[in-house]
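S.K.: Going down the list, the protein sequences come from chains A and B.
Going by numbering that gives the first Met the number 0, the first residue of the first sequence is number 0, and it counts up by one from there.
Going by numbering that gives the first Met the number 0, the first residue of the second sequence is number 0, and it counts up by one from there.
For the record, the hints were derived by calculation from the structure and aren't laboratory data.
Incorrect hints may have been included.
To be verified - Quick partial rundown of chain A residues pointing at chain B, CB under 8 Å, derived from the structure:
(1) 42
(2) 109
(3) 167
(4) 171
(5) 197
(6) 209
(7) 249
(8) 250
(9) 340
(10) 346
(11) 348
(12) 349
(13) 358
(14) 362
As the list claims (entries may be wrong) - Using C-beta positions, here's what the derived DEER-type ranges look like:
(15) B:25 / A:249: 30 to 36 Å
(16) B:21 / A:323: 37 to 43 Å
(17) B:197 / A:249: 35 to 41 Å
(18) A:338 / B:97: 41 to 47 Å
(19) A:359 / B:197: 17 to 23 Å
(20) A:96 / B:49: 50 to 56 Å
(21) A:186 / B:29: 37 to 43 Å
(22) B:25 / A:330: 39 to 45 Å
Note that the Cβ used here is the ideal one computed from N, Cα and C, for glycine as well.
Below are the chains, spelled out letter by letter.
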Amino acid sequence: MPRAHVFVVALLLGVTSAALSQPSRAAQLRLQHARVDTITAHWQRAVTLLQAYDDSVARSRARLDTIRAGSLRVLVAPAIRSRVEAFVAVTAAQLDSQVGPAAQRLAKQWLVVRQRWDTTADTVVISAVMPPGPRGFPKSREVEALWGALSDSLVIRGLRHASLSQLSTEVNGGFLRWLSSDVSPDTVSTYAWTQLRLGLVSSATAVARRCYDGDLIACRMTLRLVPVLDAATELFDAAGRRRFVTEGNYSPDAIEVACRDGDDAACLTAARRLVRRGNPISPTRLMVMTATQTALRIGGREAYERLIRSTGAPAQALADAAGVPLDSVLKVWQHNLRETRLPSQDISLGIAASSLLWIAVCGALSLRSSRWR
Amino acid sequence: MFRAIVWMQWKSTRALSLLTTIIAFALPLASLQLGRSAASASGFVAAMQAFGAAYALLAALVGLLVALGAWRPDHSGRHVYALSLPVPRSRYAMFRFGAGLLFLVPTIAALLVGALLVSVSPIPEGLHAFPVALTLRFALASLVAYAIFFAIASSTNRTAGLIIAIFAGIIFSQYLLAVFADGERTVDVLGAVLDFVFVRPGILSVFAGRWMLIDA
Numbered sequence: 000m001p002r003a004h005v006f007v008v009a010l011l012l013g014v015t016s017a018a019l020s021q022p023s024r025a026a027q028l029r030l031q032h033a034r035v036d037t038i039t040a041h042w043q044r045a046v047t048l049l050q051a052y053d054d055s056v057a058r059s060r061a062r063l064d065t066i067r068a069g070s071l072r073v074l075v076a077p078a079i080r081s082r083v084e085a086f087v088a089v090t091a092a093q094l095d096s097q098v099g100p101a102a103q104r105l106a107k108q109w110l111v112v113r114q115r116w117d118t119t120a121d122t123v124v125i126s127a128v129m130p131p132g133p134r135g136f137p138k139s140r141e142v143e144a145l146w147g148a149l150s151d152s153l154v155i156r157g158l159r160h161a162s163l164s165q166l167s168t169e170v171n172g173g174f175l176r177w178l179s180s181d182v183s184p185d186t187v188s189t190y191a192w193t194q195l196r197l198g199l200v201s202s203a204t205a206v207a208r209r210c211y212d213g214d215l216i217a218c219r220m221t222l223r224l225v226p227v228l229d230a231a232t233e234l235f236d237a238a239g240r241r242r243f244v245t246e247g248n249y250s251p252d253a254i255e256v257a258c259r260d261g262d263d264a265a266c267l268t269a270a271r272r273l274v275r276r277g278n279p280i281s282p283t284r285l286m287v288m289t290a291t292q293t294a295l296r297i298g299g300r301e302a303y304e305r306l307i308r309s310t311g312a313p314a315q316a317l318a319d320a321a322g323v324p325l326d327s328v329l330k331v332w333q334h335n336l337r338e339t340r341l342p343s344q345d346i347s348l349g350i351a352a353s354s355l356l357w358i359a360v361c362g363a364l365s366l367r368s369s370r371w372r
Numbered sequence: 000m001f002r003a004i005v006w007m008q009w010k011s012t013r014a015l016s017l018l019t020t021i022i023a024f025a026l027p028l029a030s031l032q033l034g035r036s037a038a039s040a041s042g043f044v045a046a047m048q049a050f051g052a053a054y055a056l057l058a059a060l061v062g063l064l065v066a067l068g069a070w071r072p073d074h075s076g077r078h079v080y081a082l083s084l085p086v087p088r089s090r091y092a093m094f095r096f097g098a099g100l101l102f103l104v105p106t107i108a109a110l111l112v113g114a115l116l117v118s119v120s121p122i123p124e125g126l127h128a129f130p131v132a133l134t135l136r137f138a139l140a141s142l143v144a145y146a147i148f149f150a151i152a153s154s155t156n157r158t159a160g161l162i163i164a165i166f167a168g169i170i171f172s173q174y175l176l177a178v179f180a181d182g183e184r185t186v187d188v189l190g191a192v193l194d195f196v197f198v199r200p201g202i203l204s205v206f207a208g209r210w211m212l213i214d215a
């Protein structure tokens, strides 16, 4: 190859490679996009770092103090420590007297009293930190129990509520499902007993009324401490079935109309249908709550601990908690149900005193009147 | 003199007193009748509760009628008889007050008899009757109403007008506040006054709350 040809080829190759090495318009665009993406990524990283820094500052500002009293371990924001500390001791003492040795189980758990970040400084959250374990959550988790404006009553209520909720998680699941709430060891008020009595004697179920009359087997059925296979026949008599089907039913179908007209077979069919649809004939929350509290009261200081240890059905758990046979618990429950009475609300010393005062005032005013002048 | 005042008052009050006595006797029986039509014990209690307002109203009505009846002879005679008596005005007013009290007794006694009759009638299991407590409250409420209206009736027209003007002023000021209220920041003057009057130890607190002849 002549030298001139080699030179031309080399020149062409050089030009071509130079042309190839210059970025095309599309490539330039891609390059710019890549640069923008890089800058955005840097900016996002910077924001994340800034937020992390802010969070760490906030966390460091909100470091929590620890208060221990009895079996309670409470983490509290330093700003409100002085207000909370006294109530932690009060709550611990209350819990000790109410649930006895079971309160020791709270020692492995934490309650948190802190201010909310997103509201005013006066708003506090009282929460329970659920420990990991087979009965709790798979991982440690904070469960908000109560929040609101910081006040003495909120703190006491919140601490008690959170503690008892925590303790309830230790009770066997079957019992909690029967109770359908946390286990509360509080004393049942007289008003609650009167409302329960009214509910029981007003019930459409025959077993509730028989229970009120002292039939303990009926009480077991009323409280669903024994399995009920056919509620329509086991819980109701004919009149009760009719009432159950027709009461408050403003658009009855043919079967329900037949029931209303006195056809008990139709009432049976309609009642079974209503039960299948989940019409509420289960015991009221007040019934199961009062039965539980009666058992805890009979069982004394150890009752709550025995309830936690019990793995039996609700009937057995009640007996275990009370430390006596179930029928003894039901006898006391039924006695309280019948005999706990509120005094008449018609008259009280306060009403009498204020009335007599006003009678005297008005009488004195009428004696002083100047009508004749 | 007291007997003469009682006799005068009897003439002006007897018809109304008889009417309220019959109503007072019938009220507990009517409440029982309504309660019996209820399907359950809670329905029975609800029926009794529905009659609570009737007892309070009757107590106020008896107090009003007897108080007005106590002063009617004097008002119609332009107080000539009273002025002719050789007794101080306060003593005379006391006689009038005492005589009026006597005319509350038949209504209260009738309510007690009616309530006792209901309490010995069959009522749903688990419920309890409170005939004496209800009667005591009725007696106190009718006495309070009587004392208030007696005081108003014994006062001058100017005082009675002033009392009415005060109540009208409160209602009107509440209306103005509601009209010119700034958003939700309404000042509840009427509510505060009603609380003062009806919440113990307010002057009409005996009328507030539940009046239950039969309860759980």
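S.K.: Compare the structure with each hint and give your call.
M.R.: To see whether the hints hold, each was checked on the structure:
{"no.": "1", "hint": "42", "in the structure": "43 Å, violated"}
{"no.": "2", "hint": "109", "in the structure": "40 Å, violated"}
{"no.": "3", "hint": "167", "in the structure": "30 Å, violated"}
{"no.": "4", "hint": "171", "in the structure": "33 Å, violated"}
{"no.": "5", "hint": "197", "in the structure": "4 Å, holds"}
{"no.": "6", "hint": "209", "in the structure": "11 Å, violated"}
{"no.": "7", "hint": "249", "in the structure": "15 Å, violated"}
{"no.": "8", "hint": "250", "in the structure": "19 Å, violated"}
{"no.": "9", "hint": "340", "in the structure": "7 Å, holds"}
{"no.": "10", "hint": "346", "in the structure": "5 Å, holds"}
{"no.": "11", "hint": "348", "in the structure": "11 Å, violated"}
{"no.": "12", "hint": "349", "in the structure": "6 Å, holds"}
{"no.": "13", "hint": "358", "in the structure": "4 Å, holds"}
{"no.": "14", "hint": "362", "in the structure": "6 Å, holds"}
{"no.": "15", "hint": "B:25 / A:249: 30 to 36 Å", "in the structure": "33 Å, holds"}
{"no.": "16", "hint": "B:21 / A:323: 37 to 43 Å", "in the structure": "57 Å, violated"}
{"no.": "17", "hint": "B:197 / A:249: 35 to 41 Å", "in the structure": "37 Å, holds"}
{"no.": "18", "hint": "A:338 / B:97: 41 to 47 Å", "in the structure": "44 Å, holds"}
{"no.": "19", "hint": "A:359 / B:197: 17 to 23 Å", "in the structure": "19 Å, holds"}
{"no.": "20", "hint": "A:96 / B:49: 50 to 56 Å", "in the structure": "44 Å, violated"}
{"no.": "21", "hint": "A:186 / B:29: 37 to 43 Å", "in the structure": "39 Å, holds"}
{"no.": "22", "hint": "B:25 / A:330: 39 to 45 Å", "in the structure": "43 Å, holds"}
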